[in-house]
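S.K.: Here the protein sequences come in this chain order: U and H.
Taking our numbering, the leading residue of the first sequence gets 4, the next gets one more, and so forth.
Taking our numbering, the leading residue of the second sequence gets 957, the next gets one more, and so forth.
No lab work stands behind these hints, which were simulated from the structure alone.
Certain hints may be false.
To be verified - So the derived list for chain H, only partly shown, Cβ under 10 Å to chain U, looks like this:
hint : residue
1    : P1211
2    : G1215
3    : D1231
4    : P1418
5    : R1420
6    : N1423
7    : G1485
What the hints assert, rightly or not - Result set (SDA-like, lysine to any residue): computed pairs, CA atoms no more than 20 Å apart in a straight line:
hint : chain 1 : residue 1 : chain 2 : residue 2
8    : H       : K1311     : H       : Y1340
9    : U       : K93       : H       : D1308
10   : U       : K146      : H       : N1276
11   : U       : K93       : H       : K1311
12   : H       : K1311     : H       : M1359
13   : U       : K93       : H       : N1276
14   : U       : K121      : H       : K1311
Yeah, the Cβ is synthetic: ideal placement off N, Cα and C, and Gly gets one too.
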Amino acid sequence: MIIKTSAIKILTSIAVALSLSAVSYAQDAGLIWDGVYSIDQASRGETVYSETCVSCHGQDLGGNSNSPGLVGMGFMFLWEGRTLGEFFEKIRSDMPTDRPGQLTQQNYLDVLAYILLKNAFPSRTEELSSNLDILNEITISSK
Amino acid sequence: MKIRTARPSAVFAITAQTILLPLVFLLPASLSQAQIEDFTSVTDEMLTSPPTDEWLSWRGTPAAWGYSSLDQINTDNVNQLQLKWSFALDDTGAVQAAPLIHDGIMFIPSARGVIQALDAVNGDLLWEYRPAPPTEDFINSGEGTRAAILPPGAFAGVGRGVQKNIALYGDMIYAATETASIRAIDARSGLLVWETQVADPTLGYFYTAGPIVANGTLVTGITGCDRYKEDVCFITGHDPATGEQKWRTSTVARPEDPGGDTWGDLPLRFRAGSDAWVAGSYDPDANLIYWGTSQAKPWARAVRGSDGDALYTNSTLALNPDNGQMAWYFQHLPGETHDMDEVFENILIDVDGRKSLFKMGKLGILWQLDRETGEFIKGTDIGYQTIVNLDPITGKISYRDGMIPRIGEELNMCPSTSGFKSWRAMAYSPDTSAMYIPITLNCELATFGPTERQLGGGGTGPVRRVNYHHPESDGNLGEVLALNIPSGEVKWRYRTRAPFNTAALTTAGGLVFIGDWNRTMSALDAENGELLWKVRLATSNQGFPISYSVDGKQYIAMPAGTGGASWSGSLPRELTPELSRPRNGSSINVFALPD
């Protein structure tokens, strides 16, 4: 197999960047109440939510008879003590119900950020990590 | 059949009064391809005793047997069935269609208000009614606490838009919509004649069940009462000519009404549930309609704040269709507390001269009531549930020790909150004196959680769910259970790995037709449950199969579709992960013997 040097350089750069990114996120993986997503990201998530989630979960994220609520006591009852990683995997594997897994990873992360916003978890300047290991370290908890 | 393809320009004659909301959004983009010239008006007499070759009510007749007396297709030749035609339905929402047949035409409801008229012999599209999406003005016009629940996107996603059944009467098709209105559509042209806004959809109200016609009154039951609001669910009667509301009967006992104390001291706004989301039946001799109501909400007593009976939830209501007055009610599960819905179809059978009503809810108890008085006659527990004990004499249930949920405490229960029985209606054959019941075998570790007791809050209440196979299922989710009527003895069971996902249809040909989630449509021998024929469809079978005849040839029609309520996706995905289905492919599929 012949791989051009320039291509190797590019791949190496990407690998290094990803590694650094992971380190950077790992350093940020704190409590959910320290802020784990950005407002801009949540805004993008609201758009995705309005297009793909709202018909079942409602604009206020309150759910209906066949779809659980995503805010308030109901959300915390279902998810408190579990990690953002678990929640991310749940919505990425099962949602939307007519085409589960068919949104982009970024779309799922953005929706997750929007749900955090609607549950009054604080934001920060950086976006939510896309590293599942880091998401698995962030526990959904009451203040 | 005479069809005129060049039709006059569309004129929408909306005569009904708007109750709550502007009708601007209701002007449809109705697409009529043809004018049906030789349509004959449907009379009360025809609905009561439909011609053998037609299917005029959602379950065949007002008695809702799901039975066809056609026998051209029978146990000897069913293995020769061939696909005659198929027609794609909209994949823009959930399809659980119950087609109707009249004058050689199939009228079929699809997702989000679409209704199509098809040539029942070859599937040619004759006309279609396709409502326009609601306008921003409509969306923003709602008042009350739920004003934000239905933004434009809410009408374009999944999980809603179901219209199970429509009604035929006179020259009209009647439909109930996901925006809580009722429509009359000209059966000849597909043009909207009137539309009546029955309730405010921004409060969460919507329809999934369509209307029935009883003694000249159009009757519908509404749903969407899971959230707390200043009103409750109801059943209404309307003038078929204009849509004008003749009566409205609440399905919840108001504090000042008889039975109002069965909710404890909860004010009206916190009396949720009792949705009427499955169409009823009608006995013209008694002049009574029979309509089911759903469980109270939030589901668990501890969450909703009352351990009272919560009338008239989980009941069968007998109403006079002329004025909506309640002749009697029978509450199957007083104070229900596990999401064990009893809202489903009411099958009217005369047993040894006694006018009876049969019904089964999620728990898998087959109830036999006297439909003239509401008196309990018999209850048959099919033996899978672990939640209640049934007194065989009185019909009263009592909860087994430790089976009333407490907030945050895990409960091991069969069935799961998905139930053994659901909207997938059972069918009754007078030839075999048997009821054919689609059952889903499943259980759950359930932990019920709290919810906000405030306007706009409530809902079902959260439940941490861990579904598992029923211990007696051998890993099968699907079962067709045949019970002898009235004894309740098991005649046979037919099981499959995939859950059944349609109503049952039984015929005078000695057959039971049913379809499963895994795309397999099957014909079973009604006597012994033997599999006689099967075929795979484009996606999950879903809806209400029917049979009809045109020019002496019998057809079997099976709807397919995805989306919709309850476990239609979750249970198979969790418990039969090796099975998959396309996420589109909504269609109607019509079979017959070779020409």
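S.K.: Hint by hint, note whether the structure agrees.
M.R.: Consistency of the hints with the structure:
Interface restraint check: P1211(H) against chain U, minimum CB-CB distance 24 Å, threshold 10 Å, status violated. Interface hint status for G1215(H): violated, as the beta-carbon distance to the closest one in chain U is roughly 24 Å, over 10 Å. Restraint check, D1231(H) versus chain U: the minimum CB separation of about 8 Å is within 10 Å; hint holds. For P1418(H), the interface hint holds, since its Cβ comes within 10 Å of a Cβ in chain U; the closest pair sits about 4 Å apart.
The restraint placing R1420(H) at the interface with chain U holds, with a minimum CB-CB distance near 6 Å, inside the 10 Å limit. At its closest, the beta carbon of N1423(H) sits 13 Å from a beta carbon of chain U; the interface hint therefore is violated under the 10 Å criterion. For G1485(H), the suggested interface contact is broken, since its CB lies about 31 Å from the closest CB of chain U, more than 10 Å. The suggested pairing of K1311(H) with Y1340(H) is violated, with an alpha-carbon distance near 28 Å, which exceeds 20 Å.
For the proposed pair K93(U) and D1308(H), the alpha carbon gap of about 54 Å is over 20 Å, so the pair is violated. Between K146(U) and N1276(H), the direct Cα distance comes to roughly 55 Å. Violation of the 20 Å bound is thereby established for this hinted pair. Proposed proximity of K93(U) and K1311(H) is contradicted: the alpha carbons are some 50 Å apart, above 20 Å. A threshold of 20 Å between alpha carbons decides the hint, and for K1311(H) with M1359(H) the separation of about 35 Å lies outside it, so the pair is violated.
Taking the CA atoms of K93(U) and N1276(H), the gap is near 48 Å; set against the 20 Å cutoff, the hint is violated. Using a Cα cut-off of 20 Å, the hinted pair K121(U) and K1311(H) is violated, with the two alpha carbons roughly 54 Å apart.
Of the numbered hints listed earlier, those contradicted by the structure are 1, 2, 6, 7, 8, 9, 10, 11, 12, 13, 14.
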